[in-house]
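Between the sequences and the hints, there should be enough to build the whole structure, so can you do that?
Start counting the sequence shown at 17; every next residue gets the next number (my numbering).
Among the clues, some could well be false.
Said to hold, decoys possible - Label pairs and their in silico Cβ distance ranges:
#, residue 1, residue 2, range
1, K138, R292, 41 to 49 Å
2, R325, D250, 35 to 43 Å
3, N85, V143, 15 to 23 Å
4, N215, G303, 46 to 54 Å
If you're looking for bench data, these hints aren't it; they were derived computationally from the structure. Ideal Cβ positions, reconstructed from N, Cα and C, are used throughout, including at glycine.
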Amino acid sequence: MTNSRIAAVDVGNDSLKAIFGKIDHEINLPNVIARDIEDRPVIGIEELDSKNPLDGIHIRVHSPALKENNAIYRVGNLATKSDNASELDPGSSKSEEDQTLVMLFTALALDAVREDNVADFKKSGNVVDASYMLGTGLPLREVKEGKDSGYRSKLMGSVHQVEFLITPKYQGLKVNIKFDEVKVYPEGFAAFINLVMDNQLNIINKDLIDKRILIQDIGGLSTDIAVIKDRNVDDDKAQGFNLGVSESLEAIREEIRSKHGIELDSRRDVVEIITRKNNRNHIMVKGSRTSVHDITDRILLDLAKKQYRLLRNVWQKNSQTEICYFVGGGSIVLKDYIKTLNNNLDGFNIDFFEDEKESIWMMANAYYKLIADFSRRLNKDKQEKKPVKSN
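What follows is the structure in C-alpha cells.
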C-alpha cells in the first residue's frame, strides 16, 4: 500500500519553496526552466554522482496537464546557466503556465526519490510510485477569477511522470506522481494563517487575531493585498494587481548589461546584488568592484512608489485598518524604499518581517499548516468511522 505524503509547495515567481512530510525535508529552487536535449553535454560524466542533484536537474516530464507534453528541461540552478532560460513573464497567470507545473512536479519527484522515503513509496525497478496530499496556492486575482478549481482538476485524477535524465544520483529513475488530495489556497489568506497560527493551528498571535489588518504580498509578477476582518479574508475588498518586482529586476539586469557589459544569469542574481549583507549594490567589472547604486535606486524607488500607491488606495477604502504587513520576496527587495517613503509622508502603521527566511518561506509554511491540519482531521474521521471489532 502506497502511503500519501504531505507536500506544501509555493511556486513563487522567483523561486519554489517546498516542505514535505513531518517537516523532514525542504527544497528551494530558482523558478527557471530551459528546454534541452536528452544527451546534454557533461564535463566529467564519471563524477556526476558526486555532485548535488539540485545543481544538475535534467528531466523529461509527461503529464496530461501540460500543453507541451514529454518535453525535456533543465530546471532550477542548471537552467539559470542556459541561453534559453525561461522565467515567468509579467501578465502571465501562474495557474495556466506549464512552467508552474514543471517546477511543482520536479520538487515532488526530488522528494520521492530520496532514500529516506523508501518505506513510504513503492519502487519497481527504476520506477517510484508516489502519492501526495498537496497544499499550494495561487494569487488572489486568479482565485477570484475561479482559476483555482481548473488548476486543481489538472492535478487530480491523472498520473504525472518525471524521468531523471543526466541528473546527479538520480539518473535513469522515473517517478509516477498522483495526488490523493489537492488544496489550492488564496495567497493572502495563507499569509494571515501563518501570521497568527502555529503548525497545529493554535493561535500564537492574540494581538492580531481580532484586528483589522492588511497583508500586502509583493511577488515577482503580482501583488496581493488581503483585507482581514473578523478573522477572515474579506473576499470582496481583497485585491490582486499585476504589479511585481520581476519587470524592475529585468530592467536593472538590462541596464547593467548595457552600461557595464556584464551579463547576469537570472533575476535571482539581481536580487542577490540588491539584498546581500556585504558590498550591496556592487558588481565586479573586469576585476574591479563597481557600484550600481544609481541604477538600482532609481528603478526600485519608482516601483516602491507604485506599491505605496496601491497600499494608500486600499487603505482609503478600508479606513479602520490598524496595520499593514508587507510579506513576500518582493517586500525584502523594496523594504528600505517603502520605509523611507512612509517616514517622509504622514505614514501608515506598517511592518516588515526582519527575518528574511520567514518572509520568503511564509507561503510554504502556511500551506503546510493548512494541509497538515486537513490531513489530521481526515485521519481522525477515518479512525472514528472504523467499525469496532466485537469479541
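Results of checking the hints against the structure:
Between K138 and R292 the beta carbon distance is about 44 Å. The supplied range of 41 to 49 Å therefore holds. Judged by the Cβ atoms, the range 35 to 43 Å given for R325 and D250 is violated: they are separated by roughly 21 Å. One distance hint, 15 to 23 Å for the beta-carbon pair N85 and V143, holds here, with the actual separation near 18 Å. Checking the proposed 46 to 54 Å range against N215 and G303 shows it holds: the Cβ atoms sit about 48 Å from each other.
Checked against the numbered hints given earlier, this structure breaks only hint 2.
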